[in-house]
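**Student:** For reference, the chains in residue letters:
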Amino acid sequence: MNDDPTRAPDPSGIDAIPAPEGATTPIDTDYTIGQDNVELQVGPFGLDIHNPVFLISGLTVVAFVVLTLAFQNSVEPLFAGLRDFLTSTLDWFFLGAANVFVVLCLVLIASPLGKVRLGGREATPDYSYIGWFAMLFAAGMGIGLMFYGVSEPISHYSTAIGGIASEGGVRTDWAPLGGAAGDQAEAARLGMAATIFHWALHPWAIYAIVALALALFSYNKGLPLTIRSIFYPVFGERVWGWTGHVIDVLAVFATLFGLATSLGFGAEQASAGLAFLFGLPDTDGSKVVLILAITGVALISVAAGLDAGVKRLSEVNMVLAAVLLGFVVLVGPTMLILGGFFQNLWAYVAYLPALSNPVGREDANFSQGWTAFYWAWWISWSPFVGMFIARVSRGRTVREFLTCVLIIPSLVSVLWMTAFGGTAIDQIVSRGITAVQDAPLELKLFEMLQGLPLTQITSFVGIVLVIVFFVTSSDSGSLVIDTITAGGKVNAPVPQRMFWAVFEGLIAIALLLGGGLAALQAMAVSTGFPFTIVLLLGCFAIVKGLMSEPR
Amino acid sequence: MYSKILTPVDLAHRERLAKAVDTAVDLARHWGIPVVLVGVTEAAPSAVARNPQEYARELAAVAEETARATGVAVEARTYTAHDPATQIDDTILKAVADTGADLVVMASHAPTVGDALVPSHGGRLASHAAISVFLVR
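First to last, the sequence lines map onto chains A and B. Using the working numbering, you'd call the opening residue of the first sequence number 1 and step up by one each time. Using the working numbering, you'd call the opening residue of the second sequence number 1001 and step up by one each time.
The hints are simulated quantities; they were obtained by calculation from the structure and are not laboratory data. Be a bit skeptical, because a hint or two may be false.
[Said to hold, decoys possible] Label pairs and their in silico Cβ distance ranges:
no.: 1; chain 1: B; residue 1: D1098; chain 2: A; residue 2: K115; range: 30 to 38 angstroms
no.: 2; chain 1: A; residue 1: G326; chain 2: B; residue 2: D1098; range: 38 to 46 angstroms
no.: 3; chain 1: B; residue 1: D1098; chain 2: A; residue 2: A275; range: 53 to 61 angstroms
[As the list claims (entries may be wrong)] Covered stretches of chain B (in silico footprint by chain A; criterion: 3 or more residues with CB under 8 angstroms from a CB of chain A, positions within the stretch not fixed):
no.: 4; segment: 1021 to 1032
no.: 5; segment: 1042 to 1056
no.: 6; segment: 1121 to 1131
Keep in mind the model is a prediction, meaning the values are calculated, not measured. Glycine is no exception: its CB is placed at the ideal position from the N, C-alpha and C atoms.
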């Protein structure tokens, strides 16, 4: 019947198996997916979970939450100290590693290895470009762009224009590089370049490396879709034992705490936004209601599945974000933004070597407090986002994959930062409006929108976007955690993924009410360090894996 | 009375497969009609196979074996879905349309309170399909 291999992917996501999808070089392993799984009946629900990853992940998470709630005064300085120690002492390691990822991605795009197709030579893409992009952004970056799009450019602009300040030979200012004391134009340029640096090639290269490694080892090599598979070329059969359990548990830990703490902080920010816009009460009660609402929608979304839930919501989000971006471009300083796009892109390229230099930095506050922190943060999110990207990227060639996960999102980030940050800087520089500068972080976006017409409508769109971006992170995160804790099975019973979505919401509420969001977020960011090592080994595994594939 | 029976099978749970397949084959023999075994798999490696092609070969082997043992014409069709856990019903409906089957014989667990949250596939299918559905408990 419908067996033509050149057919377009069925929009329903359901396809009759075509003729062979072309040769791949599977890895011969004695491991069968699900061999360590246990099937349980809990009440009316059947579960199919990995033993012991599911149990250890769940218990570790509960233990950390309880400990944090019980001893938060001593735990918070400890975790924050750990994070600060890592980002300040090992800043060179984070910066250097991130450069390696970017360079590897660029080399792979240009090299003949770029011709390898994920899923076999004749495989067809699972998703259209639109659905794919929507999911890339919704899972990985959307929420950050909403919060930092306005605030980060202003921050760097302000510190840059303040210039260098030092005390006893140590720089106390937060300006990027040498700053641009008193020079408005140069400070704006440097501020935009520094912001874009944190949101363009480097973060996406981090995600791309994890995603590419997983997709390659899963679709082409036949290993389970779980983080430990990346390590097969390094550890061999040992990845199916405790070595692998530890990696998977760490991935679940980073993902769950990353999601739960940003959900908790997000609820605080969204609640402040709602109070600012509509005068709603900004209380613990309203934050809990927000978390419950976000978790509730995420629950419906994961129960509906990848296509009917996650993808559809991501597409809604992308349309809303595009509308908001289009509005800011058209109603804001249009020519400034359009011209600014190219100027900022150029400023980014010009400052890139200095900003990404891992050694001999004089701007320690900036390179450690901002850049190394960001890299650790992106890397701690990479098991989640990378695995989700891998899940939806089958059928693309390596070149197409890297272009679409690295280059295009980077350009979108440049445009977004130019529109939101550029408009805000313009309000300060040429119109003397300092409301945005003075507003707290969570309100900066709305203050900036107040400087433009139709404030009520755009702010409402903004707040909806913030909330839906949380939903799309929460539902895709639950899918990822479920797959890891089911030993790489993507078709484990649906109640399991619903469990993780609920669990995440409950942790967010517990930490919000009991305190400890900051402590556990610091802990989650600290997992960026072990995962940096994971990713570096992943680079080696990718090259080795790609070399053995038919091109 | 019927012209073709469609039976969804889950190769990951072969032990639960026998009753539904036996029922389908007996009915098929009674009316002298063919059976289509339908499998749904994901693109990612699963417990059954490393890729969809391997899954399709496994299912074809089961169909062939059943045909040889029973003398009934048994055909296999494998589908991939992005998220099989939530797309089984839609896949079966698509397979019904593709194959022109007019009776579905499938295994389904006895109703539980959990169905309120996650409905059983057989139950949902029966309420969405225009053709007859025979649920084997």
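**Student:** Decide, hint by hint, whether the structure agrees.
**Tutor:** Comparing the hints with the structure gives:
Under the hint 30 to 38 angstroms, the C-beta atoms of D1098 (chain B) and K115 (chain A), about 34 angstroms apart, fit the expected range. For G326 (chain A) paired with D1098 (chain B), a C-beta distance near 42 angstroms keeps the hint of 38 to 46 angstroms intact. A C-beta distance of roughly 54 angstroms is found between D1098 (chain B) and A275 (chain A), which places it inside the suggested range of 53 to 61 angstroms. With 0 residues carrying a beta carbon less than 8 angstroms from a beta carbon of chain A, the segment 1021 to 1032 of chain B misses the three-residue requirement, and the given coverage is violated.
Coverage of the segment 1042 to 1056 of chain B by chain A holds in this model, with 12 residues showing a Cβ closer than 8 angstroms to a Cβ of that chain against a need of three. Against chain A, the segment 1121 to 1131 of chain B contributes 0 residues with a C-beta closer than 8 angstroms to a partner C-beta. That does not satisfy the three-residue criterion, and the hint is violated.
Against the hints set out earlier in the document, violations occur for numbers 4, 6.
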